[in-house]
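The task is simple: from the sequences and hints, build the whole structure.
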Amino acid sequence: MTLDTFPKYLLANAERIGARPAMRHKDYGIWQSWTWAEQRDEVRSFALGLRALGLKHGERIAIIGSNRPRLYWAQTAAQSLGAVPVPVYADAVAEELAYVLNHAEVRFAVVQDQEQVDKIRSFAKDIPLLTNIIFDEARGLRDYDRQGLYGFADIQARGNALIAADRTIAQRWEDEVKAASGEDISVMLYTSGTTGRSKGVMLMAKAAVRAASDTVAFDGLNENDGMLAYLPLAWVGDHYMNYAQGYVSGFCTNCPESAETVAQDLREIGPTYYFAPPRVFENLLTSVTIRMDDASWIKRKIFDHFIGVARKHGEAILEGRPVPLTGRLAYALGDLLVYGPLKNVLGLSNIRVSYTAGEAIGEELFSFFRSLGINLKQLYGQTEAFLYVTCQKNGAVRSDAVGPPAPNVDIKISDAGEVLFRSPGMFSGYFKQDEKTAEVLTDDGYVRTGDAGFIEADGQLRIIDRAKDVGKLRSGELFAPKYIENVLKFYPNIKEAVAFGDGRDFIGVFLNIDLQAVGNWAERNNIAYASYQELAGHPDVYKMMAKHVDETNRRLADEPIMAGMQVKRFLVLHKELDADDGELTRTLKVRRSFVAERYQPLIEALYDGSAEKTVETEVTYEDGRKGRIRATVKVEDAKVYPAVKADAREAAA
Amino acid sequence: MEFLNSILIKPFADMVAAPDFLLQVLWEGLVAGVLYALIALGFVLIYKSSRIFNFAQGIMVVFAALTLVGLHERGVPALLAVPLTLLVMFLLALAIERVVLRPLVNQPDIILFMATIGITLFLVGLGEFIFGGENKVMITEQLGIPTGSFTFEPFGGFVSIEQKDLTAVIGSGLLVAALLVFLNKSKMGRAIRALGDDHQAALSVGISLSTIWVLVWFIAGVIALATGIVWGARAGVSFALEVIAYKALPVLMLGGLESVLGAIIGGLAIGILEKLFEIYWGQPLLGGNTETWFAFVFALIVLLFRPQGLFGEKIIERV
Amino acid sequence: MNAHSGVEIIAAPDDGIAPGDKLMEVKNVSLRFGGVKAITDISFDVRKGEIRAIIGPNGAGKTSMLNVINGFYTPQEGTIVFRGVERRAMKPHHAVRQGIARTFQNVALFKGMSTLDNIMAGRSVHMNKNLFWQMLWHGPALREEIEHREKVEEIIDFLEIQHIRRTPVGRLPYGLQKRVELGRALAMEPSLLLLDEPMAGMNLEEKEDMSRFIVEVNQQRGTTIALIEHDMGVVMDLSDRVVVLDYGKKIADGVPDEVKSNQQVIDAYLGVAH
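Protein chains in written order, with this note's numbering: chain A, 1 to 653; chain B, 654 to 972; chain C, 973 to 1246.
These are computed hints drawn from the structure, not numbers from a lab. As the structure is a prediction and not an experimental result, all values here were calculated from the model. Among the hints, erroneous ones may be present.
[Said to hold, decoys possible] Restricting the straight-line Cα-Cα distance to at most 27 Å, the calculated cross-link-like pairs of lysine-lysine (DSS-like) are:
1. A:LYS125 <-> A:LYS626
2. B:LYS701 <-> C:LYS1179
3. C:LYS1083 <-> A:LYS119
4. A:LYS412 <-> A:LYS468
5. C:LYS994 <-> B:LYS840
6. A:LYS343 <-> A:LYS299
7. A:LYS495 <-> A:LYS468
8. C:LYS1179 <-> A:LYS575
9. A:LYS432 <-> A:LYS472
10. C:LYS994 <-> C:LYS1232
11. A:LYS26 <-> A:LYS119
12. A:LYS495 <-> A:LYS568
13. A:LYS178 <-> A:LYS56
14. C:LYS1179 <-> A:LYS626
15. B:LYS701 <-> C:LYS1083
16. A:LYS495 <-> A:LYS343
17. A:LYS568 <-> A:LYS639
18. C:LYS1083 <-> B:LYS838
19. A:LYS412 <-> A:LYS436
20. C:LYS1179 <-> B:LYS840
21. A:LYS343 <-> A:LYS26
22. A:LYS575 <-> A:LYS589
23. A:LYS613 <-> A:LYS543
24. A:LYS589 <-> A:LYS468
[As the list claims (entries may be wrong)] From the derived model, a few chain C residues whose C-beta atoms are all more than 12 Å from chain A:
25. ASP987
26. PRO991
27. GLU1022
28. ASN1030
29. THR1035
30. GLY1071
31. GLU1126
32. PHE1130
33. PRO1140
34. ILE1223
35. PRO1228
36. GLN1235
37. TYR1241
Just so you know, even glycine gets a beta-carbon here, dropped at the ideal spot from N, CA and C.
Dropping the structure here:
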């Protein structure tokens, strides 16, 4: 049998490493675990139950919920019948959910709990096709109308009853899995979409397997590895790493107890393979910093000293570069006293390989974790590629670029500066949207990423911005908003930044303070505040932000291509940009055009020279109610520096 | 210069020059420290479970020792006198709960503190009435406590350890260990800690106040008896013994009123430090007899830097 | 392995009372502190399986009433019938053994202990191994501890407080402390659960969560609940029957709709002079 589908890997793993753990889940305070052999049995009984319920080859089935073993099994079970799992973001609002379910034409949905059942039922008339809901957790569903509503265990029981009645059924199921075609669609992932409706990205089984195999070999992943599955099921990264790479390499996927316990679960599991967006690393560093600020002076001294040692030698030791003996000794002592315990607390002690992606990561932040001996690397990818486009090799890592092309991937830069790729994991098209598929494919079969970038001398790809966001100032200078925003966001006090300037005379910026960092700073400096709004508008906070903007401008002035992109005016927003208000996507990226429209009066204030502006904004509270907040936002000017000329820099160097 | 030398250098030079003597001093300090720790534990237990600062802890030591010796004087064999004394201490605990504590439930802490002063006065009277006021000798040998001494010759010097001190240290150590296990591992022990944490909560999970109070006062009685035997063996049994209970005060200042570990470590630290100070600084520089006040001064200085004591919870005022 | 087999294992114990019959009856109870009358001649009953609310303006004697029921106070007159046994006074720990658990308006938790230990403390009523075993801490006592731990984990799962399992409760925000306190009361598997202003000081979202838990406890586990609440809206939605107290006297008793339209109740809440 050629291993070109994931169900085939399930059978193969159950043979090859049947007694090793495939899946763990913390429930009732205990890590429950399932071996590969057990996982095969779970999947088989569910698959047979699903078939009895009427799921057919080629049909799509929605999977909605957080990372739970049963939701992963449901995907394999569906694939084993030739059906296509469609994982959907669990925190999607009911309308979004209804759109996706409708568009994907699902008749079946496997969901985590009551919340999802309620959401689906509230839109039942808009999704007439969806008639069968299978739930994992029964809680709260006792008195529900049972028409078309089934427990996961009930479906498995149905499957088991079939097996008990006819022994050959189990074998026949395995035979069908082995005979299945790698040309079938393996999974359909809806992109979260910064613009417009989300699109269903179809991935073919053998392409998905091939992409995963390449990267498993690239990082040497095997059945002794383990990963924590805490990112959304519907996101390509989770499906790629915890599902695809998990099956191909045979490593163990660990499901946390709940979203709130991830940090503790991480500590208990101590994974060897880890992925987190820069945001998570940032939060980790912030929490460490805060804890050290509260520690006794002696601990702080020791910590600061050895972090200094790590900054000096850590990365060199990680990359196997020469380090003087005294440096090695100091680092070893630091490992004993600081890095070891610190990594242990963070749950990162056993990391062999870890990646970050999705946003640019700050140099400081990136090298902090690397200097502790954590092999943190960057990758660049997207759903249409089935994740990997580029990834960094061990020992050839830098923070401002995302690595050379992944194995068997071709990349090139279009004349307009857009990054194009062709890869083994490349998608087969958008579901029912051929015209969109045609839009992103070039004539020679490359996929347009929508990102602008260039390839550095060492072969690593460097991303500047979204291709469509890159614009020009009225003076003709390049304007890459994301680039400016990222430089600003490297300051821990700035949580979010939104830059404007396309077609304008100069660049203006909205800033969002980081409540945790700035709040702490305020507490230390005895600055009283009653609300986010008050803190954001505080004169001292403005001074702090002005300093950050000033430093940013200096930094931009240093780089010849970027010197024209200095910030001339800025303001600090009175509210935190929020996904519930539609200002961020579900993956917490800023929706630039939406923000621009919503805060139009503030943008005017940036450009008409006024010193302040009063605005009223609608907000959505956590319980879904809406309210309005009013605020007067100050606008300040920043100093712009002359560009450092390239030759002047060389002379100085 | 001369002065600084005598404070900062000479004492340490002396320690290094005669390590055998230093060992002897440390041992003496340890013996005293174990006792301090034991008494402080008695205070801590009662305070934790009922928020009462038990002024009567000292007199309970005297009362227990007197009862033991008194019973023996009246012809009860020593080894039978011990359990009988324990019985008396148990009855005392029962009586205190029934007569003093129960009627005073929910009264302010200061009233309960006053009540323990009342108990002290009552026990002084009762003790004198039954056993008379004259000094007595502890029945050390009759209890089977060895009285000889071991000698060692480390560093070519000479150290002597009295066997009854050794017995005291080992015995007290075992008692403390048993108490710790009891507090941390048994249901009753956990109930005591629960009561110390939140009264209402303890009541609402079905913990009986009366039972726990009798229990902690009885434990305090057991500790009193142990202290009485050990200290009585060194200094005789008299009402003056009451005073050693006040040695526990600086220990409590250091260790905090609620920390079992604080009482133990604080007790040992004060025992050892006051001995060292007396021998190496007190006698040569201050004419000796510093043991009466050193512990208090030391505790005060520590409190200047750590207001919550060495082991107290960090005091954070929420604004 | 069925990951969620344990749902609804902890249920109200069989106390020999049929659903709908009187589980508890307060008969002509009066309570005085010195010359001050806190409660005057109050009678009402609580039927098995219902949510019974006791409401009234501040100082109406609601908390005093709860304190009488669970034995904190002894009334000067009147008796309480619980599970068919009539008595005037009962010590708090006897009330607990009889199957009455309660929470407090101001949260009474073991602040230095973790969430887990606090809820475990609620199990202590059900721990039967004798002192000898406890001292040795092995064998049967250990096995018993594990069984209790399983029940406690179910409660933690039910109340969605996994993330604070090991956190000392003193460090938790108020809303979560209230939840832990409910957890501890549930751990006692009570016949009658007394809740003293379970939603006091909570924000809207926390109130909704708490209401959901109360209803689920009542419906899924069949636990009888008597609760005091200040917030009229919440009470009317939650409860099956409502007693209204004012100045220590009962002024109304009935289903929410009746009570809502009762003129005396309206006057009491609006503060009309008597």
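Now the hints, each set against the structure:
no. : hint                   : verdict
1   : A:LYS125 <-> A:LYS626  : holds, 26 Å
2   : B:LYS701 <-> C:LYS1179 : violated, 35 Å
3   : C:LYS1083 <-> A:LYS119 : violated, 39 Å
4   : A:LYS412 <-> A:LYS468  : holds, 17 Å
5   : C:LYS994 <-> B:LYS840  : violated, 35 Å
6   : A:LYS343 <-> A:LYS299  : holds, 16 Å
7   : A:LYS495 <-> A:LYS468  : holds, 23 Å
8   : C:LYS1179 <-> A:LYS575 : holds, 25 Å
9   : A:LYS432 <-> A:LYS472  : violated, 35 Å
10  : C:LYS994 <-> C:LYS1232 : holds, 24 Å
11  : A:LYS26 <-> A:LYS119   : holds, 26 Å
12  : A:LYS495 <-> A:LYS568  : holds, 20 Å
13  : A:LYS178 <-> A:LYS56   : holds, 17 Å
14  : C:LYS1179 <-> A:LYS626 : holds, 18 Å
15  : B:LYS701 <-> C:LYS1083 : holds, 14 Å
16  : A:LYS495 <-> A:LYS343  : holds, 25 Å
17  : A:LYS568 <-> A:LYS639  : holds, 7 Å
18  : C:LYS1083 <-> B:LYS838 : holds, 19 Å
19  : A:LYS412 <-> A:LYS436  : holds, 21 Å
20  : C:LYS1179 <-> B:LYS840 : violated, 35 Å
21  : A:LYS343 <-> A:LYS26   : holds, 22 Å
22  : A:LYS575 <-> A:LYS589  : holds, 16 Å
23  : A:LYS613 <-> A:LYS543  : holds, 18 Å
24  : A:LYS589 <-> A:LYS468  : holds, 15 Å
25  : ASP987                 : holds, 23 Å
26  : PRO991                 : holds, 17 Å
27  : GLU1022                : holds, 17 Å
28  : ASN1030                : holds, 28 Å
29  : THR1035                : holds, 30 Å
30  : GLY1071                : holds, 24 Å
31  : GLU1126                : violated, 7 Å
32  : PHE1130                : violated, 8 Å
33  : PRO1140                : holds, 15 Å
34  : ILE1223                : holds, 34 Å
35  : PRO1228                : holds, 21 Å
36  : GLN1235                : holds, 33 Å
37  : TYR1241                : holds, 26 Å
Violated hints, listed in ascending order, are 2, 3, 5, 9, 20, 31, 32; each of the other numbered hints is respected by the structure.
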